[in-house]
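J.: Keeping their order, the protein sequence lines are chains A and B.
For the first sequence, our numbering gives the first residue as 1, with consecutive numbering after it.
For the second sequence, our numbering gives the first residue as 1001, with consecutive numbering after it.
None of these hints come from the bench; they were simulated from the model.
Think of the CB as a built atom: it goes at the ideal place given N, C-alpha and C, for glycine as much as any other residue.
Do not rely on the hints blindly, as some may be mistaken.
Below, computed lysine-lysine pairings styled on BS3-like, alpha-carbon distance capped at 25 Å [as the list claims (entries may be wrong)]:
id, chain 1, residue 1, chain 2, residue 2
1, B, K1305, B, K1316
2, B, K1547, A, K146
3, A, K230, B, K1102
4, B, K1305, B, K1781
5, A, K194, B, K1134
6, B, K1547, B, K1497
7, A, K230, B, K1134
Output of the computed footprint for chain A on chain B, the stretches with three or more beta carbons under 8 Å from beta carbons of chain A [stated by the list, open to error]:
id, segment
8, 1125-1136
9, 1606-1613
10, 1788-1798
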Amino acid sequence: MSINLSNHLIKAAKVSGQVALSFSLLLATNFTLPAAELAPLGNESVTTKVTTKPVRDIIDQANLASYYAGDDGRAEARMIIVDENGNRQMRQFTILRKDEKDLGDQDMLVFFSQPSNVKDTVFRVEKQLESDDNRWLFLPALDLVKRISAGDKRTSFVGSHFYYEDVSGRNPKEDNFTLVSEDKDSYLINAVAKDRQSVEFSRYTVKIDKANFLPIETIYFDQSNQAVRKMTVLQVKNIDGIATVMKSRIINLSNNSYTEMQFRHVKYNLGLPDNIFSERSMRTPPKAWLE
Amino acid sequence: MNYQRILNFAIAKPKVIYSLLLLITLLSVAMLPRIAIDTDPENMLSQDAPARVFHNQIKTDFLMRDMIVVGLVSKNTIFTPEILSVVEQLTNQILQLDGVIKQDLLSLNVVDNIRQLTNEQGVNQGVLFEYLMKQAPTTLKASQDIQQAVKRLPMLNNTLVSGDNKAVAIYVPIIAKDQSYIIAEQIRHLAANISTIEQDNLAIHITGLPVAEDQFGYEMFVQMGVAAPLAGLAIFLLLWFFFRNFALIIAPMVVAMATVLIIMGSLIGLGFTVHIMSSMIAIFLMPIAVVDSVHILSEFADRFKAGDDGSKTIKKVMGHLYKPMLFTSITSAVGFYSLMLTPIPPVKVFGAFIGTGILLAFVLTITYIPAYIARMKPETLAKLQRAIALMEQKGKLATRLEKLGAFSIKRGKLILIAFITLFAVSLVGVNRIIINDNPVNWFKADHEIRIADKVLNQHFAGTYDAWIVFSNNQPPPQTALNSFREILDGANESEAKTTIAERYKQWLKHNNHEKVSFFTQDLLIQLDDFRFSASALEQPWLEQLYKVSAQANNAQKIFTDPEMLNWLATLQSAIVNAGDVGKVNSLTDIISTVNRELNSGDDKDFAIPSSSNGVAQTLLQFQSSHRPQDLSHFVSQDYQRTLLWLQMSSGDNQHMASVVSWLDDYIVTNPPPIDVQHQWAGKSYLNVVWQDAMVSGMIDSLLSSFVVVFFIMVLLFRSIKYGILAMLPLTFTITMIYGLVGWFGKAYDMPIAVLSALTLGLSIDFAIHFLQRVRELEIEKQSLSLALQAMFQEPSRAIARNAIVIAIGFTPLLLSPLMPYITVGLFLASIMILSALVTLVLLPAILTLLARRNKTKTTKNLAQS
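Okay, chain A solo, but in the shape it has when bound:
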């Protein structure tokens, strides 16, 4: 409906810190937010909930909910990668994130702790909406900081089923969205890439929870319109008043291999200083912020 209303909603959420906006990797949501709490925003909003909103607004809210929770955040992540034979591999890392502004640029650091032979490997990302992201890599055993050249962001994140883009967030400007349907709980949106050559899918659908604007299921389709890849949110938890996705899974539908991403010790609004997002931190991790 009205853009004003949706902006108002976002602002309200941001200010109160009640609407679930979880950071980057943590697909977060304010699933706890009952309809009643929306009531003070005006009667109009209650009716809006069952009325079609402009699809761009829904997407913006979803993006905000998924990747911009709090002003900054920290989480310990554990990925369990399961291949088609059922073999399991584990990867553990800690993520620090700081937003420049909502729906804007972000800084990010990923510190690996397990498996032990990749311990202290670090990724650093400067997410930029208007241009390509800057990415660096530190490999302690090779004593090497290397810039990763801007390229395809739909590559595997360290061998998991999550793509780099699933972790940092796909820029909504790259897709065209249409609202397929909506029921009392969720929106179903269809997305097609503007530059079809830049992606491996022909389209994807995303189901967004109306209560918190969190994408709870995303399905990617191949060129013959077969569903080939699916992201599902498995567990959501309220942290500091921010509902946070604690567990999600991406499955390769053609062979049922999957990666489960689990989060622990999630904290928001830590007041992370800007200067820790630097090359220095890659070689000498800011221990104080990682504990």
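The hints should help you fit chain B onto chain A, whose structure is shown.
T.: The following block gives chain B in isolation, referenced to the frame of chain A:
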């Protein structure tokens, strides 16, 4: 069992015999539509053969797929916008086909490149992970850039693009081997629709073992539909030529058809698949099934006089022929049954069903034929008698046989010397036999599969796969296990402790027979889970347990050890230098390539990092590509096993076998730095395994049936001398045939191997008939020379006629598009003719010589006394 009673019953109640035969045949025919074709050479090994079990385990563990290889060959470079666009177009269409495993398909436009990026000012912009060719380039320059990139990627160079840049390949992994023919056909169809292929003078070739196998199955069907009926027709025409009487020759044809249908019907009905071997059953049984009938008809025609009672004559004939027919049937059956001693399932089935078919044909012959003849009208019988008499008088065969007889009796010594010489020469030939097989050579040289195979292997490193799997062979890490135990013992009682202790106990139980590490990723995940949920009291010891386990887990990752990896890299280049192997794809190339690009991008950095952690971190980067799953083909997730993918340009078993022994030698002289075990897998290797089993199995089978048949002969003739004599013709025939194989350099392959037992079972027939008749005639005429003279009348004609029937019956196999059938047809025909000749020449010569010696002995003895 009293045959006389059966015979009387058959003649008295022909309708019962007819109805029974019809019923059984119809029941069997009803089974035929359930036919299941099996063309997988893997099935030459039984399901539980260790090599096969291991091969399939490796396929599963390393996600190795059955691959169709599509090759596009150009006269000039393939790195032009036009050709690369064809590659892109074709690949994208193939990706849409059902049954193709998309994520593992290898083609220029779906694989990744890793390289350094520098901007226009020459400043390094970092390392770049990208598709090698996301879209086909539009300029020649961009095409050449792709060429340069491929040359720097050892995993792709000479695998996806040939060394001479004139050929490009698409590796199409498929979910099931039995779909490869359909998918290959679809790919051919797709290629035909890309008009630019023709414009650019591109040749498209499709190969890969699964295609060859599946195509073979398709042609086998055609083969059975064409060759078997043709064999039936050939036999029918021959019988017509011999007997000139439709009513009469219908009887043996009925026996042959019924035998084939009942045997094939029961084979299919019992749930056996029709393999390349069993597909030949029909064509084998048909000629063999009519042989006994030919004897009966010949003798019946001899004895029957106009006005005689057909039933009485047939009773006489049957009484006379029953025993030799029984014995020849048993010996032939024994020859085939002996194939069941081989460890090759399809050969076992083949032997069992043909052996049974021969016995069935015998039973049908001794019941149905008399019943049929007894019911024939007197006029028909008279006509038959006239026809036979006419043929017997004027036949060219008759005169020639007489001359042959005279020659063998007179020139006994010469013949014996000639045979001994031939035997010696043949033995030398046998020793020269090269044991080799190659399923692709089952097609004729001009078959598209053979052509594709040749062309693609000329350009690329090789389209035949073999895999070497190295696995950690070190004892379990005792120190780590001990400290794990200690920490656990000291832990406070809790759910975590109980669960972990139980896990440890379970592992101890299984560890003795299964070499599974205790410190697995699963254990780490479980410990980590406990750490997450456990109380503060449990945290310290869980922490310790985790530390010990993670350390032990890391220490087991021997294929991140630089020393180990460098050993592998050295082995790889040595194996290629040794010849036979075109290229080795392995973990070391992946690591070195990524390491090079992470560092300077220069060749000097194409090396294994100096620490285990360095290797692991390099691989973590490889996994940040579009195809992280590619790593799983070369190393297990626990880094305790690695796979080397050998590309060989020849599918010949002898080349594979020589690589296997080369590796054994190499490992002895260059022991690996860490104790590892090496095992082979891959189709090319499996072929070697079943071939070895085949060779030793055939020797067992041949020797055992030789002994059994010899005992049957001694029993039949109640004489060791005649027993030995009966074995002589086939001994000579088999030796000569294999001698020829050796001298001509024809490889000893599957069809050739199977022939030995067949020869034995079939060529003994002639000796039995010959010796049986000679002995009867000798008693009748009281003279060996008179008996031998008589032998070269009707009896030798019956033998010659049978040899011709069988030989001609096998000739339609020569029309087959598939080599094994041709080989079998050609060899069986020549074996039949040769063994009939040997019987007719060698036996009279030896009998005469033996008689002469006895005479001189007797004369000497007389003189002495």
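J.: Can you give the numbers of the hints that this structure goes against, from lowest to highest?
T.: Checked against the structure, the hints that fail are numbers 2 and 10, while the rest are satisfied.
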